[in-house]
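Asks: Sequence:
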Amino acid sequence: MKNIGARGFTRGFTLIEVLIVIALFSAAAVSLLQMFSISLYGGAENENTIVTTALAQEKMEELRNKPYASVSAEARAQVPDYTFFDREVLVTTPISNLKQVTVNVYWKERSGDVKISLVTYVSDI
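Residue numbering for the sequence shown follows our numbering, beginning at 102 and increasing consecutively.
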């Protein structure tokens, strides 16, 4: 900053100094906004994981409370009251009197469908 005035000095900033400060503040602001955006996305992804796990556990408990003969597969369908989540039930019989039950819950992310799976075994004792 040049100082020219009564004593040979003027007070103030040159245009270059002001532009440099504005550029530095802009770069800092952009960085902070990107961090904020990333943290919001991460929070939403965590929330979806929690909801998906709860929906899978809910269905698993429902199936555990059914009689052995009533445990059957269900096609992929939207979960009631949860518009962004789909759920399916897969049932296989690896050996007689034993069913492997897999509950898959899906939700959509930018990269495609994300899936959470829970597996349990139900026997006819």
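For the record, the hints were derived by calculation from the structure and aren't laboratory data.
A portion of the hints provided could be inaccurate.
As a list, the in silico DSS-like pairs of lysine-lysine whose alpha-carbon atoms are at most 27 Å apart [what the hints assert, rightly or not]:
1) Lys-209 - Lys-167
2) Lys-216 - Lys-160
3) Lys-160 - Lys-209
Asks: Does each hint fit the structure? Answer for all of them.
Replies: Structure-based check of each hint:
1. Of the pairs offered as hints, the one joining Lys-209 and Lys-167 is violated, with about 30 Å between alpha carbons and a cut-off of 27 Å exceeded.
2. The straight-line distance between the Cα atoms of Lys-216 and Lys-160 is roughly 15 Å, inside the 27 Å bound, and the hint therefore holds.
3. The straight-line distance between the Cα atoms of Lys-160 and Lys-209 is roughly 20 Å, inside the 27 Å bound, and the hint therefore holds.
Going through the hint list in order, the structure does not satisfy hint 1, though it satisfies all others.
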